[in-house]
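Given the structure of chain A, go ahead and fit chains B and C onto it with the hints provided.
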Amino acid sequence: MAAPRHATMQSISNGGTQGSDRPHTQQSQQAQQSQQSPGLRVPSNRKTIYDRHLNRSRNAELSRASFAFLFGEMVTYAQRRVTGIQDLEKRLNEQGYPLGLRLLDLLFYRSTSTSSSALSSSSTSSSPPNRPLRIITLLHLIHGPLWRLLFGRAADALEHSVSPDTPNEYMITDNDPMVNTYISAPRDMSMLNCAAYVAGIIEGVCDGCGFETKVSAHNQPTELWPSRTVFLVRFGDAVMEREKVLERAGVK
Amino acid sequence: MSSTKTSRIGEEIWKTRVDKVNAELVTLTYGTIVAQLCQDYDSNYQDVNKQLDKMGYNIGMRLIEDFLAKSGVGRCANFRETADMIAKVGFKIFLNVTPTVTNWTSDNTQFSLIFEDNPLADFVELPDDGRAQDELWFSNILCGVLRGSLEMVQMQIEAHFVSDVLRGDDTTEMRVSLVRYIEDEMPPEEE
Amino acid sequence: MPDKHRGVFSLIIINKAGGLIYQREFQAGLRKLSTNDYLVLAGTFHGVHAITRSITPKIPISQPAQPPATSSTGTAAPATSGYSYPNPGVPVSGLDHLETDKFRLTCFQTLTGTKFLLFTDPLTGSVDTIIQKIYELYADFVMKNPFYQIEMPVRCEAFDRHLGAWLRGRT
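Chains A, B and C, in that order, are what the protein sequence lines are.
The opening position of the first sequence corresponds to residue 0 in numbering that gives the first Met the number 0, with each subsequent residue numbered one higher.
The opening position of the second sequence corresponds to residue 0 in numbering that gives the first Met the number 0, with each subsequent residue numbered one higher.
The opening position of the third sequence corresponds to residue 0 in numbering that gives the first Met the number 0, with each subsequent residue numbered one higher.
Each hint should be verified, as a subset may be incorrect.
As the list claims (entries may be wrong) - Listed below are the simulated DSSO-like cross-link pairs for lysine-lysine, each with C-alpha atoms no more than 30 Å apart in a straight line: (1) Lys4/B x Lys114/C; (2) Lys89/A x Lys14/B; (3) Lys132/C x Lys4/B; (4) Lys19/B x Lys114/C; (5) Lys4/B x Lys89/A; (6) Lys57/C x Lys31/C; (7) Lys15/C x Lys49/B; (8) Lys14/B x Lys132/C; (9) Lys53/B x Lys114/C; (10) Lys19/B x Lys31/C; (11) Lys49/B x Lys89/A; (12) Lys14/B x Lys114/C; (13) Lys53/B x Lys15/C.
What the hints assert, rightly or not - A few chain B residues that don't get close to chain A, going by computed Cβ distances all over 10 Å: (14) Arg7; (15) Cys75; (16) Asn95; (17) Gly167.
Hints listed in this document are in silico derivations from the structure and should not be mistaken for laboratory results.
C-beta atoms are modelled at their ideal positions from N, C-alpha and C, and glycine is treated no differently.
Okay, chain A solo, but in the shape it has when bound (with noise of 0.2 Å):
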């Protein structure tokens, strides 16, 4: 499953998946002489990513306002290289991309280390799979469990295409999505929701699991809810196909 979107990870590894082969006690001041012998200087109190546990913020906060200060610089440098709207989402979306195939290791991670449910919200089996393997699964998961994990929240809904031309389109629903807390478009960018890195996530996470799909966000505000967004998940016709496949051999 090397979809082509994978070659935008990043060698910068905040997620830990790369050089993972590499021992890490090779290290020495050789490898700071010659470039013939890589590998990567580490400090002698073994400060590495190796040397923490995973969890350690887990339960971590940091201040909402250098979030938002953070994304809001990336929106800003994201626009200076567009051409549009679209394309500005576009941009926002493959940002989001790589979060998600690492939310995802993380969430699997968690569920199996600390032997919690967080999976199973969804699933009737006793044991909660490990990976999602239905569309309905997968989703649930993503409602649940990633937000919570985002957000500190579940999301407000999800919902199916009522039409019978579009089976494959589902809806997941954020009344206040909290990365569009403090962002005011401009009016003539109405169609703009910069939410568009949350269905970045989305679409990392799905694809993560083998889910081909393009999710996009949607502004679909109410009276009460001025920034409620709609995450339209589309699935390829490969996954519907599968899908059906997995319906008949009576898999969850």
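Same frame as chain A, but now just chains B and C:
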């Protein structure tokens, strides 16, 4: 203002007045920004450092208002007080860390911030390309943030990292120098 | 039902250069001005504020002032002239309120130089608290909005919405 009092202000604001989010979302978001820059600048790490500093500067010019609105603190009496305020209130309320202020020059215009923890760099390992560890300052955005925010309160400063555990150094240290006070906004140095 | 913020007539925000960047009425109270007159008001107030700062009295000090920390500061007039502001621990502020029989104008200048001018009923209490809250909303919904350009007119829908809601005492 005494150093312990400054600490208490930072702790108090963090506990009672700061809206929180999951730290990993912030860490990963910063990571994706740096990764995107490395891609856009074709791994020219000097350019990435520069761009991060610029982004930080933009953030600093805005963040200072949030800092002032939340903390309600007044103007610092001198640069030593400013350093304390940055470390114990600024970093505390925005990153929940309190770097150590040290290595002052005798004229009180330069100091170092030593970071025991740096949430921006959690989960991070620099690219193993033989260059990143010598050229990239992963957290360089923080230098820009200090420069931008202090400029808005009439202090021109210069800030840069001198070491980083991500590069294999034993500490993460930022050097901050006061260049000058801007305009007529001299703090009351006369006692 | 008594509303503690009932006496808030309107708000003006002036940028560092004296330009009007925000003006909003919260209820009938002040008579409206033309856009041009608001600009004049902002500029004039800015100028008068600066003048009141510069005429702040200084008193002679007996002991020689300590030289400033850096040699390149250039503007160390108060320290070297042997004069100091009374109570040097308190920063020099400019004009901070104007009052007529019918309304009061309170000015809050942030350390960055932005001014918030709040027009209230003279009887309205805790004006400082109201301005402080407005500053926080500004820090949130203006400064954290990536589409807002610093020093430019404030057009942020979320700021308008939260400011209005808070002043109406809803949230």
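Quiz item: In ascending order, which of the hints set out earlier in this document are inconsistent with the structure?
Solution: 2, 5, 6, 10, 16 and 17
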